[in-house]
Amino acid sequence: MTYSFQFRDVFAAWEFLLDGLILTLELSVVTMLSGLVIGLAGSAAKVYGPGWLKAIVAVYVEAIRNTPLIVQLFLIFFGLPSAGIKFNAETAAYIALSINLGAYSIEILRAGLQAIPRSQIEAGQSLGLSGLQIFRYVIIFPALRLIYPALASQFVLLMLATSVVSQISAQDLFHTASIIQSRTFRDFEVYIVVAGAYLLLALIFRLMFAGLYQLIFSRARR
Amino acid sequence: MSLVELRDVVKRYGQNTVLNGVSLSVEKGEIIAIIGRSGSGKSTMLRCINGLEPIQGGTVAFDGTIVNDRATDLRKLRQHVGIVFQSFNLFPHLSVEKNITLAPKVVKGVPQAEARRLAESVLQKVGLAEKIDAYPDQLSGGQQQRVAIARSLAMQPQLMLFDEITSALDPELVGEVLKVLEEMARDGMTMMLVTHEIGFARRVADRVVFMHEGRIWEHGAAAETLGKPRTPELETFLNAVLH
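Note that the protein sequences, when read in sequence, are chains A and B. Heads up: take any position in the first sequence, counting from 1, add 1143, and you land on our numbering. Heads up: take any position in the second sequence, counting from 1, add 24, and you land on our numbering.
Worth flagging that the hints you see were computed from the coordinates, not collected in a lab. If you're wondering where the values come from, they're calculated on a predicted model, not measured in any experiment. For each residue, glycine too, the CB sits at the ideal point set by N, CA and C. Don't take every hint at face value.
Said to hold, decoys possible - For each label pair, taking beta carbons as the anchor points, the in silico distance ranges come out as:
1. B/E248 <-> A/S1273: 56 to 66 Å
2. B/D93 <-> A/G1194: 35 to 45 Å
3. B/A192 <-> A/R1279: 25 to 35 Å
Unchecked claim - Over 12 Å on every C-beta distance to chain A, these chain B residues come out as not near it, computed from the model:
4. G38
5. K52
6. L76
7. K122
8. R140
9. V198
10. T255
11. T260
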């Protein structure tokens, strides 16, 4: 069995691939930000909120964490139009990914919030701080530091998972790869290149998260 | 009017009655030592005074304000009542300065420069002026506890509550913390302290309150109460802690 690799046709389409890569990056970064916001609000609601709010958040988190991302994506892109709610592929991708990452972020952040000892909250209360001030100045920083590795890891997983949006024809890295494949029939070469691109992206994100940790949580910056 | 007034205070955790009709008045400038076995309700009583523990019966009043009234703004009240805990409870991610200035800045709106001066002055009082930029985990237990005292002082409270503040310290670090308390006593601060330091209570406190089974079992002038206990329970307790 011999196979001669032939990357020329694949690399000829580099601009097309780059477009896909850029959408993958945009999807990842925007979703990480919205996922963080959903995670902060949702975990605070789940830990400190009234019972009915806790219940709503719990239903959301469990519904999302126990169904496949691709099903969620299809529900939004192919299902909702039946109810008169239509999105283009990219918008549907942003929404589905944010909802998905938000649920995982809530669970991770919840663990961080619950790890903060009750005595820290009491110290804040005793100084006359409001609940919101305690959350902002006393709780959130140590909580984030505790769960940072788990959250960063979830964010990288999300970046890799963005590839499912190709299934609704959003023009991400994986989708462009599929198109190049259908034009060149160089399956092996295309997917090697794409795998390399995802690997590189993942490594860049991990490096960036490690740097961000140093920047935010290290005392050296004092 | 007394600064602190507890009347028939009842506190239960489920079926377990922790305070069973506690009444006590504390005047401005008084120093009250609260002693008793663990589980006797002394910490709980202290924590009722700034509303950290909700109560099931009776009233707690501070400076004429009913603490256990739903309408009472506890945040406002707590600005006047400092509390120091056994486990220090400093904020680990904040420097000593920020631990101290956080509440003055965000609760009272004190500007940064003034807050820094405030931190310097309260640290001076506890003898830790040089530690202003340190972080809690760079300090010994005794130093952390003195920072916690300074943090409370920065709010300029009318009353200070101390909840077994030397119990978590190595024996050789207890003295430096008690010395700070003695200086505060000389400055005329009203203080209520739950303590196992009987010698300190005798020396510094005006009155001693002995708690037993959720009640104030015996109380009176410090030297007299500790010197001539009237109840066998206090006598047993004193024998146990002094030997």
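Outcome of range test on Cβ distance (B/D93, A/G1194; 35 to 45 Å): 25 Å, violated
Assertion that B/V198 lies outside the chain A interface [Cβ separation over 12 Å]: 21 Å, holds
Minimum Cβ distance from B/G38 to chain A greater than 12 Å, as the annotation requires: Label holds. Min Cβ-Cβ 18 Å, cutoff 12 Å.
Exclusion check [B/R140 not at the chain A interface, CB over 12 Å]: 15 Å, holds
Beyond 12 Å from every chain A Cβ - status for B/L76: 6 Å, violated
B/T260 and chain A, when compared Cβ to Cβ, separated by more than 12 Å: Nearest chain A Cβ is 31 Å from B/T260, so the label holds.
Whether B/K52 stays farther than 12 Å from all C-beta atoms of chain A, as the label says: 20 Å, holds
Reported absence of B/K122 from the contact zone with chain A (all CB gaps over 12 Å): Incorrect as stated: the minimum Cβ-Cβ distance to chain A is 9 Å, not above 12 Å.
Outside-interface status for B/T255 - nearest CB in chain A farther than 12 Å: The claim stands: B/T255 keeps its Cβ more than 12 Å from every Cβ of chain A (closest is about 33 Å).
B/A192 versus A/R1279 beta-carbon gap, inside 25 to 35 Å or not: Holds: the Cβ-Cβ distance is about 28 Å, inside 25 to 35 Å.
C-beta pair B/E248, A/S1273: status relative to the range 56 to 66 Å that was hinted: 44 Å, violated
Violated hints for the displayed structure, listed by number in ascending order: 1, 2, 6, 7.
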